[in-house]
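All chains should be built: construct the whole structure from the sequences, respecting the hints.
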Amino acid sequence: MRPSIVWTVLRREWYETVRNRLLMSTILVPPLLLTVAPILLAGMVGSGILPPELARQVLDQRPEWSTFTPGELAGAFAVQQFLVFFLLMPAYIPLSIATFSIIGEKQARSLEPVLAAPIRTSELLAGKAIAALVPGVLAGWATYAIFVALASLVYGPALFGVVTDPSWLAGVFLLGPVVGLSSVVAGVIVSARVNDPRVAQQIGGVVIVPVIGLVLLQATGTLLVGPAGYLLLSAAVLAVSVIGLRIGVRLFDREAILTRWR
Amino acid sequence: MDAADPAATDLALTADRLGRSFDDRWAVRHISFAVQRGEVVGLLGPNGAGKTTTVRMLAALIRPTEGTAAVDGFDVIREPDAVRARVGILTETPGLYDKLSAAANLDFFGRLYGLDAGLRAERIEHYLRSFSLWDRRDDVAGTFSKGMKQKLAIARALLHDPSVVFLDEPTAALDPEAAFIVREAIETLRRAGRTIVLATHNLDEADRLCDRIAFIRGGLLRIDSPAALRGAVGGASLTVRMRDGVSAEAVSAVRGVPGVRAAEPSDGVLHVGTDDPEAVAPAVVRALVSSGADIVELRPERPSLERIYFDVMGVSPRADEAVGGEEP
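Sequence lines, in order, name chains A and B. With this note's numbering applied, the first sequence covers 1 to 262. With this note's numbering applied, the second sequence covers 1001 to 1328.
Hints should not be assumed to be uniformly reliable.
[What the hints assert, rightly or not] Heads up, simulated DSBU-like pairs for lysine-lysine below, C-alpha to C-alpha not over 35 Å straight-line:
no., chain 1, residue 1, chain 2, residue 2
1, B, K1146, B, K1099
2, B, K1099, A, K106
3, B, K1146, A, K106
To be clear, the hints were calculated from the coordinates, so they are not data collected in a lab. Predicted model only: the values in this text are computed from it and were never measured.
Put into structure tokens, the structure is as follows:
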């Protein structure tokens, strides 16, 4: 694989992405909302405390929070709900970019001249995949950094420890990118069969469902996953993504694109 | 052959019993021909005849199911990357990136073909100027007319200085003005000595631009120069109009000219049947003048490519046959 060719494809993808207003709004609006959400939540929670029954349940599941004041406990419980968004961002942004990119090329019939050039399918696919994956992952990480800062500011230094505990770090920095990769793979596979980016996103969005379910279980304390659990989970998602990638590469075959993509 | 020196052979392209099937159905087969450097060869056939499939096989975009082909001696099956580096292709649709400027579109492809920055800039300027697009170089391709887009796509196909340029239906779906602009661009390439394979179902375009024409319908039916095709079909003639109409003396005089097969008056003009109108015309003129006729106009008539097309394809242009027979 020649890095210069991958970079050429990647540059063009990003150039077109930033000129696509619909796509850019899809990429930028949710992270912006997520950075202000903790502040809004803080306003709603105010100096309130959790109902005694709920507080007891939370402390049963999170004994390490027993040193928190009632206000800090309410804040910790509130911010815990946000982890899901930092996994959703690296999932839906790459999915949006990948589907727009592939289906856009399908509709413009612009892939045939590219495939007529001496470019390998792996180079083309790598350029597209990286171009889709990187913005989602970086957006997730950047928003997380702002979120940590705001959460600490609003709820106090005790909450800093909550949102930077090993589970959060493993979720954001390990599972997030892997979920992003699975999302790109889903985008490639679905885009090969569908001609509308929105339909592709809806179908490809299925990959996000297990992630949401898992993090919701985590947030409600039904199923607590520690750093080791996230590591195992990331490995499993990575394995599924690699299998999906092989399917995607086969669907992205030169001949299939030229003779079957309509 | 693993590699070849392009200068070592006059053949830019060879195809030998090339064929391709999709799901057990042959799109095209038995395609064998060679293209000399600087030659323009037309692939002529109806929609679905296999022209695009043939072009794609020759450009190493899809693998042949049977047979082989080579560009500059590089095999399309064993050395597809080398073939792709040596061909330029204008696909059925321009396939441009609408949000990129004309120059950025070319720059992207220049990078894919591995041209260094200096050469890229030089070639981009050269081709944009050649196709009168230089003043619009910074405008996004999405704002271009169909003709301009097609010219930009041709510039893209030429950017890496390919040995063979494939033009697949370059004027299809263009209005007459845009089609004219594109044909002029192709004519410029032809004059520059480019080796071109032109897939089209436009008979006039093939007649005007091609040194040889290959008739394709599921396979190669015939390949020859337009003149040879006309000669093989026969039916050439001279049409003569005289000031006082066609006299019996004039008809008699012309019938005695060597090379004249027939001479018949019709609708006030004299139709002279011959295999070689240009060769017999001077003798016909002399015979008519000696018979006392005043010649107003003499016009050689050759069979149209349309007639040759129907002859080679073995189909009738009659509308009633085209729809499957006469009405009951």
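Taking the hints in turn, this is what the structure says about them:
At roughly 15 Å between alpha-carbon atoms, B/K1146 and B/K1099 fall within 35 Å of each other, so this suggested pair holds. This hinted pair checks out: B/K1099 and A/K106 have alpha carbons roughly 15 Å apart, not beyond 35 Å. For the suggested pair B/K1146 and A/K106, the alpha carbons sit about 19 Å apart, so the restraint of at most 35 Å is met.
The structure shown violates none of the earlier numbered hints.
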